Every structure is written in C-alpha cells, then in structure tokens.
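Enquirer: Listed below, chain by chain, are the residues.
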Amino acid sequence: MKNFYQSRSSWRTTTQIFSLKKLVSFFAILFLMQLASNAQAQGITLNFKAAPLEEVINSISKQTRYNFFYDADFLKKANPVTINVKSSNIGRVLSLVFADQPFTYQVNDKSILLKNKTNTEAVENTTVDKIVHGMVKDTTGMPIPGAVITLKGTNVMTQTDGSGHFYLRSNTNSPTIIVKYMGFVSQELNPRGEAAINVVLTTDAVSLNDVVVTGYQTISKDRSAAAITKVDNESLNKFVNTSLTAALEGKVAGLSLYKGSPVLRGISTFSSSVGTTPLIVLDGLPSETTLDDINPYDVESVTVLKDGAATSIYGSRAANGVIIVTTKKGMKGKTQVTFNTDFFITDKPDLDKMHYASTSQMVDYESALYQSELSKYAGSTKSLFDYYGGIGTGSIRYYSPVYALYRNQADGKITAEQLTSSLDGLRNNDYYSQYVDQAWQNESRQRYNLALSSGSDKNNTYLSFNYDKSNPQVRNNESERFNMYLKSAYQLTDRLSATFGVNTMYNKSTSTNGDYDTYTIQPRYASITDAAGNRTYTDYVNISQGVGNLNSSVTDALALNSNLKSFKFNVLDELDRGFTKSNTLSVRAFANLEYKIVQGLKYSVQGQYELNKTDLETFSEADSYQMRYMYNAFTSLAGSPATGVYTHNIPDGGRLFQQSAETSSYTFRNQLDYSKSFGIGNTHHDFVALAGFEARQTLRPVLTVDTRYGYNTQTLSSILLDEARLKTSGIQSYPFNNTITLGSSDGQSNSKHRNVSMYANMSYTLNDLYNLTGSIRVDQADLFGKEVRSQFRPLWSLGAGWNASKASFLADINWLSYLKVRATYGIGGNVDQVTTSNLVGRVLSSDRLYPNLTYLSLSELPNPLLRWEKTATTNVGIDYAIFKNRIHGSIDAYYKYSSDLLISTALDPTVGASTQTINNGSLSNKGIEFSIGSDWFKRGDWTLSSNFVFAYNRNKVEKVDRYSPSGGNYVSAPANYFFANTIYNSMYVYKYSGMTNGYPIFLDENGNPNVTFDANGTPTILGINSPLAIQRAGSLTPTFNGSFNQTIRYKSFELGAMFMFYGGNKLRRDVLDLSGIAQTDVDLVSRWTESNPNATIPRLEVDYPNVLKPSALTLSSLYRNADIHVASASFVRLRNISFSYAVPKSFLRKLSLQQLKITAQANNPLLWAAAGDDIDPETYSLNSGTRNLTTPKSYLLGLAVTF
Amino acid sequence: MKSKYIYTLLFFMVILNTSCKKYLDLKPTGKITIEKADEFYQLVSLPNRAYPINNFQYLSDDQYMKESDVVGRPVNMNIINFLFDEKTNRPQLLTSSSLYNQSYVYINRWNIIISLVDDSEGDQAVKTLAKAEAKVNRAFDHFLLVNTYAKHYDAATANTDGGICIMDKYDLEAQPAKSSVAEVYAFIEKDLDEAIPFLQDKPANPYHPSLAYAYALKAKVHLFKKEFAKAAAAAKQSLAINNKIYDLVAYSKLTGTRPNITVDLNPEVLNLVYMTGYNELNFGYNFVISPELRTLFGTTDARFNLFFDTTNASWIDVAAGSAWWTPKYNTFFYPTVGMKTTEVILMLAECEARAGNREEAVRLLNEIRVKKVLTGATLAVPATVKETMNLVIAERRRELLFGFNRFWDLRRLNTEPDYAKTIVRVFPLVNKTVPQETYTLKPNSFLYIIPFAQDVLKANPSLTLNTDETRPF
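Protein chains in written order, with the numbering used here: chain F, 1 to 1203; chain L, 10001 to 10473.
It cannot be assumed that every hint is accurate.
So, partial list: chain F residues that the calculated Cβ filter (under 8 Å) puts toward chain L [said to hold, decoys possible]:
{"hint": "1", "residue": "Val199"}
{"hint": "2", "residue": "Val840"}
{"hint": "3", "residue": "Gly841"}
{"hint": "4", "residue": "Tyr850"}
{"hint": "5", "residue": "Leu853"}
{"hint": "6", "residue": "Leu907"}
{"hint": "7", "residue": "Thr910"}
{"hint": "8", "residue": "Ser914"}
Cut-off 27 Å, straight-line C-alpha distance, at most; resulting in silico cross-link-like pairs (BS3-like, lysine-lysine) [claimed, not checked]:
{"hint": "9", "chain 1": "L", "residue 1": "Lys10458", "chain 2": "F", "residue 2": "Lys959"}
{"hint": "10", "chain 1": "F", "residue 1": "Lys884", "chain 2": "F", "residue 2": "Lys926"}
{"hint": "11", "chain 1": "F", "residue 1": "Lys752", "chain 2": "L", "residue 2": "Lys10226"}
{"hint": "12", "chain 1": "L", "residue 1": "Lys10036", "chain 2": "F", "residue 2": "Lys956"}
{"hint": "13", "chain 1": "L", "residue 1": "Lys10066", "chain 2": "F", "residue 2": "Lys376"}
Simulated from the structure, these hints should not be mistaken for lab results. Note that this is a predicted model, so its numbers are computed, not measured. The C-beta atom is built at its ideal place from N, Cα and C for all residues, glycine as well.
Could you put the whole structure together from the sequences, leaning on the hints where they help?
Expert: Here it is in structure tokens:
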C-alpha cells in the first residue's frame, strides 16, 4: 500500500490546477508554487525595498517549507513590499508582509493561502467566490499526492500536490467536492466555511490488490487491461511456507505447480532447454535467481503476468509468463524488528504404499527364477554359471545372494539341506525396513529470520538475516543456508532518489554418496544388522562403479588373496566413508537512480549484477566400497594368482574430486517515464508512457575440475596416475578379466550470451472509464541469425479496458461494487540458447589412424533464419466485486498460439541432413481461469472466508514436421514424438484383446492379434510397430487445477486449510514387468503359472518356455502400455492445514510488542486420488506407470514476533 | 522543452543501435565458428567417412550369408538380395538408406566449402585448393550414388535414364529434383576437370584428395562410360604419380611376428573411405566370402592365405565352404571403398585388353600378381580379347575385395553380352530341414538398381523410383 503511493509520488507530482474557463474567467489562472526547501523554519531573514510581492513570498517559501497558494490576480493587485527582518518567525513575517495588501492570508498546516479580506472587499453581485482547500491523507496519516478533487456538477478539478494539499475556487456558496484516488473509496464532501478540510480516504477493499508492478512501472489496475494476478504479503504468509514456490501454489489461477515445476497457462515450447519456467523478475530486473532461492520472508508481494499485454514488454524471454517478486522495503516511521522461527519435521515415506513383495515371496521368486534359468542350460549348473563368468572366464555378470547359495550347492560347498535352511534364514530378514529405520532419519529443518525495517523522510532501510538448517532424509546429510538482504532507499534531493541493495546467500551442504540413498541397492532378504544389533556384511553388492560387475565366484576366489581388498559391504559403514561437501555463494547487487527532469518526466537508470559460485568437493575414503572396488578393478596380474606380480594401477588411498563452477550475469537499463493528466471539456485524460533500453549478459565460464588419487587428508598429498594410459588404452583388470579404462571428462565448454532490447509502453485512460494500452519491444541477441538481426521484428501488444462499474448506467446497481472488462492481444518470445545461426565446428584430434591429426567436425549447420519462439496471447477477462465487495474475483479466457517453435524437423535427406532443428513447430493453448474470494460470514468474533481458484487449459500441437515409423516412440517418449492436432504430452496405448494361457494379446494396426497359437498351443509372438496401432488415451499433463482455501477466525484464533487439486490427465496403472528378472512387486505372487491358470496377471519371463523368453520383452512393453491400464490421475490433496493464535493487542502493549503469533501446521496430511491403489499422482511416473515413494507428511511449528 | 528530451532519447537510440551490433557479435568459444579460408580448407579433411553397403551387400557372387540368418527368418533386404527375390516390393522394407543419407551429408559438407569459401577471409590459393578438393569429393559421392541408385551408364539411353538428385550448392531448404544419368555423369566430369589443375601431389594430410587419386577417379568414370581410351590416359596419369604395389609375398614370407602394416605403411592407398569406418574389418564376421570366391583364390594366393579363416566360427557355415576376413585394421590396413593403385593398374589392364593389347594387359596383371601370389603368379597371354578380359575380371574379384567393387563390376559387365553373368545360387547347402532350391539373378535384373528409401520418397513426392517397383505411399 505504502509502496504504491510512494512510488507514484516520486514521479506524479502534477500540481497544476485545471479549469476549462481559464481563458475567459477572471479568476481562472491560478498558480501554485511548490517550493520545498531543506532549510528549517527556525528563522526568516528578509531585506526588501519596494519589491514585488511575488519576490518576497518566493524568498519566504525558500527559507521555510511553506507553500503559497494564490490566484494570479492577487499579484496584480499587490502593493510593493518593504521589509527588513532577521531570524524572525513566520507569523510575524507574514503579518508584516500582508499589512499593506488589499487581501489577507490564512495559514493551514504548511500552506499559506492568500484570500480576500471578506469584510472589506466588495463582492461582485453575480459571482460567489468560495475557496475550498485542504489536505488528503490516508488512514495512517500519510498524505496522498495526485488525488483528484472535482467540484460536483462542474468541470472544475484539481489534484493534490506532493504534500497532499489541494486548493479550489468554487462559484457557489455550498459546493460539493468529490475526492477520488485510485485504490481508495471516493468521498463526497460539503465544506462549510473557509477552514481547511482534512479528507481521510480509506482503502477500497476490492482495489487493495489493484496496484500492479510490471517491473518496468507501477500502475494501477484500473489503468491496465492485462491479466495480472498479484499475491500480497498477507496471502503469501497465510501458511508457514517451506519456500516461495510453495507459497505461490494455489494462489494464482493458471499457474500450475504440478510436481513442483511452474507452468503458466500450459506449455508453449517443445524445447527442454527453454522449459516452462516463467521469467523471474526481482525488484524490476530479470534475474537468474530461482524462486526457491528467495527467502519468502523478504518478499512483499508477487505479481504474475499472464497475458501477452503484460509480458510482451519482456520481449523474447517472456513467452512462459513473468513472475515479478517485489521485496520489502523500510517503512517510514518507527523502527520495526520482526523475528520468525519455524521448525519443520517430515515423516519417513510410507513403504507400504510401494506394494513390494515380502522377503519370503522374493526368496521364492528368485528360487523359481533360478530353476527356470537352469532349464535354459538343460539343467547344467556349470553352463549356467559359466554364463555368469568368474575370474579368468568370460565376462562377469552380477547375480544375487540367492543365486550364490545355489552356486555353492552346485559346487558342493553346501548340501541341499543347508541350502534350504540358508534360504529359510533369509526369509526372516527385511532389508527395506531395516534401511528405513537405520539409514534414514526423520527430515528436520529449523529456520530463523530476523528483519529490521526503519525509515524517515529521506531514507528507508530494510535488513534481514535468515538462517536455515536442515537434516535431509539420509543420515549424515545436512545443509545450512545463510541469507542476508539489505535494501536502502535515499531521497537525495527533490529530484534525485536512489536505491541500493545487496542479497548474499551462502549455502553449505554435506551429502553422502547418492548410490546409497535408496533401500533398493540390496535385495529385501539382505540385512543391515543382526538380531543383536551388530552390523552384518554382505560379500558384494550390485553397484558396478562403471568398471565391471561382481558375483560370488569372483569374491570367493579373491577372499583369501591378500593382494586385493575386500568387497564386503554394509550400507551404514559406507554412509560414513565418503562425503560431498558443496558450498554455494550467491550474490545479487543492484542499484537504481531516479531523476525527475520536469514535472511528469522521470529518467531512471538501473543496474544489477548476479554471481553464483559453487565449490564442490567429494572425498571417498580409502576404505570406502567405491575405492576398494576401484583399487581391485585396476589391479593387473602378470603370472599366476599365487606367484605372479600384482600391479596396482590406482594407488591405495582416498580420492578427492573437486569442482568449481561459476555463473554471472548483469543487466543494465535506462528508462524514461512520462505521465500527464489533463482535462479537456468534460473529459479527464490520464496518459502514462515509458521508453527504455536494456542490455544483458549471462556468462558461464569453464568449470575447474580436479581429481586426485591416493589422497591423504592428513598430509594433503596425492599420487600421480599414468592418466594417458589409464584413460585411453586402459589396463587389463585381473578381477574383471577385461580391459578397463578410467573415465575421463576432458571436454570443456562455456557459454556467454548477450541481449539488447529497446522497449516502449503506454497507457491512456479516459475519464477513469476507458483504458487503452500498448507496448512494443525490439530484441536482439548474439545467437540470432544475421538475417533476423538486420530486420526489425518487434514484439508488441495492445489492450483495452472498461471500468464498467463507473459507467453511469451501471453506477446505480447497488449490488455491483466493481466491474472491469478487459481485452488484450500481445506477443512474447522464448530464446533457446542451444542452437546458433553460425556454421560451428569442433576441433577434434581423435583419429585413430593418424592420432596427431586435428580436424574439424561440423557440429551445427548454420541456420541463418534462427529467431526467437513467438507466443501470441489473446486474453479477455473481467474483474468483479459484488455485494459491497463481499464477493470478489476475476474470470479470464485466453488463446495462446505459439509459433516458430524450435523443433527437430524432418528434411529431405538429399539436402544433406535428415533432421534440423529449426523454427518450425506450433502449439496452441486455450483456457479459462476463474477466481473468487469472499469473507462471507462475519458475526461478532467469527469470520469465515473462502477462496477458490480454478484453471482449465487445453493444448494442441498445431504443427509438427517429424514422423517416426515406430509407434513405440510415441508411447515411450511423448514429449519428443507427437502427432499434429493432439494434446502435447499425450499418453498412447495399445489395444488389449485378452489373455490366453498367460500370454496377453494385443491388436495390431489391422485389428489382428499379435499372438497366435498353433494346434499344439505354441504361441507365435509378433511385435507391434506401426504408429497406426496405437491410440491416444488422454493427456499426461493435468488439464485443470486449482485450490480451495478456507479460513475460520474466532477472536485471535485462526484455522486455515488449503486443498489443491490437479486433474483431467491420465496415468498408467502400476503393472508387473513381464520381462527381465528383477521383480519386486507383490503382484508377482498372483501371476499366471501352470498351477494358477485362472490368474488375471500374465505369466512372467520366468514362466515362458525358453525359446519364447526373448519375446517376453515384446509382450511386457505392450502389456504395460495397454489400454486396460489407463486410470485417471486426478487428485485432491489437503496441502496445508494450520492453526494459529495471535496474542491480543491489549496484552501485547504491556510487553511492548506489536505482534506475537504462534502457528502449528501440517503439510500434505490427506490425499484423495481417483486412481486409488495407494497411488500418489504427485510422485508417480505417469507415463511409465511406476510407483515412487509418496509425498511425505510434514509438521511445522512457527513463531512470529514483531517488536 | 519536452521535444528536446525526445530528440535526445532518439539520438541515444540511434547511437545504441549501432554499438549494439558490436556488443552482440560474440564468438562462441570451445567451438569454432568457421569463417576463414584455412578453416574451410581443414573442413575437406574428414576421417572415418563411411558408405554403408548393407542395401546390396549380398547382391553379388562374392559375399555369403550364414544359413541360419536366412532360413525361417522374416524377409529383410539381406535375404531379398541373397535369394534374388524379385517379388517383394523393396521400397516397403527400406524405411531409410544410411548409404544415401550419409553420402548426401558428405555432399553437403563439400557444398558448404564450395558455396562459402569464396566469401571467407584468407589466401586465394587456399580457397582455390579447398574448392578443388571439395569438388573431387563431391564427384566421388555423386559417382557412388548414381552407380547404386540408378541404371548403369548406357550412352544410348543415359539422357533419359533416371539418375539421382544433383546437389550443387549448400541449401537446406532446397527442393532437389532428379537428374538423368547423363546429367549426373556430366556434373561429375565437370567437377573433376575443374579440380584437377589445382590439386597437389602430396596434400597436407591423407584425408585431402591427391592428384593421383583424382586421376584414378577420372579413369574410373571413363571406364564406367566405356570411354576406354580416356580411361587409360587418366589411369596412366595417376600411375605416373603413384604406381606402388605392396609386396604381400615378401610380407607372407616374414618369419616370427609380422609387423603391423598400418595405413601409413600401405603405399597402395589412394583415398581413405570405408564401408562402416576405419576399423570395419575388425568385425570380420560381417565379411564372409562365398565358396565361389574362395575357390577362385586357389591355394597359393597370399591375399587369401594371409587374410581369411575357414575354420569354425559362429558366423559361418564351415560345411558350405565360405571363409571370413581376420586381420584387424591396425595389423593390416586394407582399403575397401577407397581406391588403391592396384585398382588403377587393373583399369589400365582392362583398357589394354579391350584395345587388343593382350600382352600389355597380362603384363600389368602379372605386375600385381607377383606381389600377391606365392606360386604360379605369372599368367600366360591368352589368345583372345575375351579370355584376356576374363583374366582381368577374375583378378579384379581377388584384388578388389568388399566395398562396392564386385557389385559395380556385375552391373557394368552385365551390359556387355560377352561378360554378362547370370548368378546361380543353390541354397541351402548345409541345412537339410528345408528343401534345397536354385536361385538365379539375371544380368538385367532390376535388383541391381537400389530403390530410394521411404524417408526420401516421403520428403520429395516428385522423386520417382528408377525401377518399376511401387512407391509405398
């Protein structure tokens, strides 16, 4: 609120008084001098001899802060003044100056009004001359500059000056004045007598949100026609937020945060590098900062620009919409200190919802698997295990501990009885639950925020400090974040003001090796600790480290070999043996200078620099599984194992990997703002315009990377490797009996991009009733094609608005408090920085025939027509308030057409490329958005309010020039393969036609079954490839989403709940993979088998005859993607429920506190999903139909104190 | 007063607009923006240039398939070619042809050089050389395409025989149109003639075409057009620069571990292009020769004895009498698609034979044979031209293995009644569960013309097939 009119006051100081009669009326020409000065009125010194009155009052005004209000006519009548005073006070000076004048004066606050001597002056018969003057303030006592005062029934109007004063002459004795200011309730007054009137305007409940910050300007919503949603501080902080992203969910119709990724009004690009994230604008300048990196406590408001009219001013980066974040600034008046502390705790995810087969079922399954595989080798255990390989024989393949037991039996190491008892022993283990109990912890987080705000007439400062510490799910992981934010604004002179700020964030985290984050690294029948609580060790696990796989044949053979290290594994040990430490420092510094050139014209220059630097360090201890594995793998042997020479090509010791990455960017902007209000005849015109220039650079230099082996943390020494050999020709590994190389990542890359833009924007309002807005922007970037650069291809917008409720014919409808009708059309763009317009080559030197030769590979063919992607949006909408603002909201409908989208397009291969990424795709989105809010119940101490937000979006691929002959591509990669005239990211399915003998059958493009049986019942299984055989089952992206927010307040208690819903999309049910041997799903128990011929679940690969086993993969993929497994992905989730208590003001006063509030909150406590079956669509992989851990519940406790 | 500000603003805008261009002219690092003549020249050099032969690999009497890859298998291009199947509509199976697509990718690279080098910065001499070299490569690619996807050159009908699309400039938006066989040959000859005056004897590296190679290619073009005198002249010009023959006899007599004959040690190599890549012959199981070719080698040919294996392996039927290639690229570098000096000698021998110079022809053959055959190398001069020619043709089969060599020779010689060959294949030889059948490939079979693939036909609806097969859509 304050923000709003302060920023207006700095450039809207129109203090002229307008009148139609200025040419004819004797009284008409009025001057108002606003001569503010820094000097205090402690003493006035004047020395004039027969000077014109004007000169004298100028001098008085300069020395004091008093303004004179007078009719020019008085100056004509004035007598010359002779005065000589020193350090005199204002009262005395004025009485001396005006002693000899034919008129008198009146002092009101800081203004001096010259007026007729009513007693002595003859009043003209025909004209009544009454002066109406006074001051307009808001409820906090702050003056409102620029308020419009009209004499009712006339065209006489004026505006308040910079200090809120106004002055008006009336020709009637009892005039009625109307005081209007945007965002406030208008008032009608009947001033009696000549005393100054004080007008206090109260804010208009509906219009509270109605001032919008577009980043380039602050404009009242009444004067804008764009689809803009502003989320104010109160709404943002309704709940305790984990991040700013979470705070925005459900607050803006059309902004979907499905699975955490922001999408505004549907997807408008095919490019994954452009993505869907809206442009983030921080305090007016485009920023590389993500929403999650902004401290939600520093945010004053968030404004989301949704349509083309609002975003086109951001040009070629705005097609995804724009999110404008305005940070807090110091408040004028008392210094305020706010302290917040929050404590979060998050449950461990519920493993029961994963529907895993039990330990015993897994042991049975793996036994059946073993028998089935053995039959492939005609019962020869030797042939079977030869396939899996061992030291010196074949390539080594992993097998599970159950297989290892069978191998021991086959090798005669254990008897059949011992085998059975070992297997039964395994049945008592439950690795998953042990893992959850011992390797995971409840996530916790503590957050402390201290903010200080202070301000005076000349400057204001906001300073905050935030400390955030969390312990993520896996033990030994932790992260800490420090955030400091300072913003300071100065009114340097009357004309010059400046704002400076700096935001520094330091992020420090420690994490364990990601391979060990999940319980699936070992089978369910493995264990972490035994009954006595001692850690148990397994001989090896299935983590290959990129050099080769292991099995018990290898580990048994090496068990007693002292030249090699043990492969034994316990996950808790490993979680203690290697950490990645990362430190990120982010700095954003900005400055803004504003200079008032003349009234209504302002020049500003803004600059911002952002730097992000991340240092990463991963140390793996010598004893870690990883390093033991590497050490062994890189051991070669010359001679026999017993007597030969072992060479360790990687030294004993730890490994240190270091990486340092940096990005930086700057933005520089020059802008001119112009505003003017004037009246002509019966009309009132407001005109606001701006024009500017912006330059921007983003830079990502090459990474600094270093890896050291044999690293000793004590001596900090390391041992050099023969990298040339290890990375190119490699070495012969003894345990893995093949040639292995050390991975290398020697390629370096960097990027640097520059953009320049010129833009202009204007809005015109007639009689506060009709708006017309327009904008234009020209963008140029280093990556655009030369032909595009030489052309003038502006992005532009037009909009029109009608404040209908102010129209006379609607003004009488009592229940309609507010109605605005808007329509806009505008074009925004997106830039994909991956392609270029140049002929680009890479220098290679990897020719194996002539290794010394360098040559050029053509990495990109020149695309001289490369240009930005273009999205044109048409938007129509209304904003409304009814029943004395009791119910308010807006409705918007839009049509977005995105063209020139970069897409890989099929070319005639004859031209020399089968595909080329060119601006050749189109997408459209249409949708409707709806929001309604109401404080619908207010009785005594009770208040009930509700908010409902709903958005529907339907998108369509309009043009695509690529065709895949394989239907499977459309099924598995719907984001890359799609048909024209369908919803982008659609699910495709195969037609299921039943199951015979455990073989699922599907229909091909001609409607023929793909599995046929001969007379003996032996099936022939064919693949289905044609794209004609697949059907579209629906969208994978939700087509509608929204929220319902309910608040119940009783005295100082408040209960709030927010329900989120997303829906209209589809998912595939979680089904068994029929192929492959790694099964974990409980459904495997009820599959088709010879003994369970009535099962509804097909047979698994293990149940196939050996000759048909390769076909299991074909049927598995058809089955998984069959039409019978499609279910709705719609869901409603109780996102937050909170209960808070604010200590009453009366009590706080005794403690000298302004606010004390305690909140208890639960996040994600309840879910209703249409698919059922314990599926959480928010974490589920919809297209692949695989379950992931459900969204955990978290509990929060928050305390807020303001001193 | 306000207008003054507006003018100032406009002035700044103009200034900014001009300095803008400079501000935006960023050159990406880590990669090269190809702008200079030197860089265009470097672009000529392209290692690992592959011309996959899988569209016609088994459409000859030289290569052979394992029976289990044919019997009971769904029909594919290899089986069609191997069993000379004229009934299956090949375009239905050919979704895309990597030979076609790859060749035009290379042509595009040469066209980038030819179209853009003139506007680059740098020495005129470098530009001329880059352009000349690119033209030789472009000629080679067009030659290869026209001899795979169109009817063999026949002076009588070449003006109306459908050829391939000529790509003569860099243009991704081009809408290529098919030219006649005669037009394609004219284009090839023009490129070669324009290039030859500027080429170097010893280019900067082996991936730049040399003068000897350009003459060799010219000889081949004339040979295919049956302009034997011109072919002989060009072959002689090529041999004047390089006529070295690698002595395989001496090599096979080395005792102990034989040295590796890497590419730089094989003086026969004229240009470096491949079927799949420099290391293609490492995968010898893809290159199984027919029992017929194995017999043709006899028992004393070092080219067979050193390079082929007839013992059991999972990819051959030993009982059928086939054999597979064994040396790896770094143990003995053997050009397949690329030309070599012995091919030039064989072309010259053919021209001499056709001209009736039987002695000279046989002398040239023997020049090769003494370095390749262990005993009985020297052939006697036959009494007739036809017999002499048959010696040349047989020697070509033994010396020019794999690649396009035999496929093209069959196409070429089938146009002459004297040398045309009907291939007869009795199959299967080993498998007794299916009836043995005899398959024949007539000299004038349309199978010798590979149809355009679906991706090309789809993108270019005006492109007609060069056979009577039906378009799949």
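Enquirer: Confirm or reject each hint.
Expert: Checked hints:
Interface restraint check for Val199(F): the shortest CB-CB distance to chain L comes to about 32 Å, outside 8 Å, so the restraint is violated. Taking 8 Å as the C-beta cut-off, the interface hint given for Val840(F) holds, the closest approach to chain L being about 5 Å. Given hint, Gly841(F) at the interface with chain L, holds; its Cβ is 5 Å from that chain's nearest Cβ, closer than 8 Å. Hint on Tyr850(F) holds. Least Cβ distance to chain L is approximately 7 Å, under the 8 Å limit.
A hinted interface residue such as Leu853(F) counts as satisfied when its beta carbon comes closer than 8 Å to some beta carbon of chain L; here the least separation is about 6 Å, so the hint holds. Contact between Leu907(F) and chain L, as hinted, is supported at the beta carbon level, the nearest pair being about 6 Å apart and thus within 8 Å. Below 8 Å, beta-carbon pairs count as interface contacts, and Thr910(F) has one with chain L at about 4 Å; its hint therefore holds. At its closest, the beta carbon of Ser914(F) sits 6 Å from a beta carbon of chain L; the interface hint therefore holds under the 8 Å criterion.
Between Lys10458(L) and Lys959(F) the CA atoms are separated by roughly 17 Å; this keeps the pair inside 27 Å, and the hint holds. Restraint check for Lys884(F) and Lys926(F): not satisfied, since their Cα atoms lie roughly 33 Å apart, outside the 27 Å limit. A threshold of 27 Å between alpha carbons decides the hint, and for Lys752(F) with Lys10226(L) the separation of about 58 Å lies outside it, so the pair is violated. A C-alpha spacing of about 45 Å is found between Lys10036(L) and Lys956(F), which places the hinted pair above 27 Å, so the restraint is violated.
The hinted pair formed by Lys10066(L) and Lys376(F) meets the criterion: a straight-line CA distance of about 24 Å does not exceed 27 Å.
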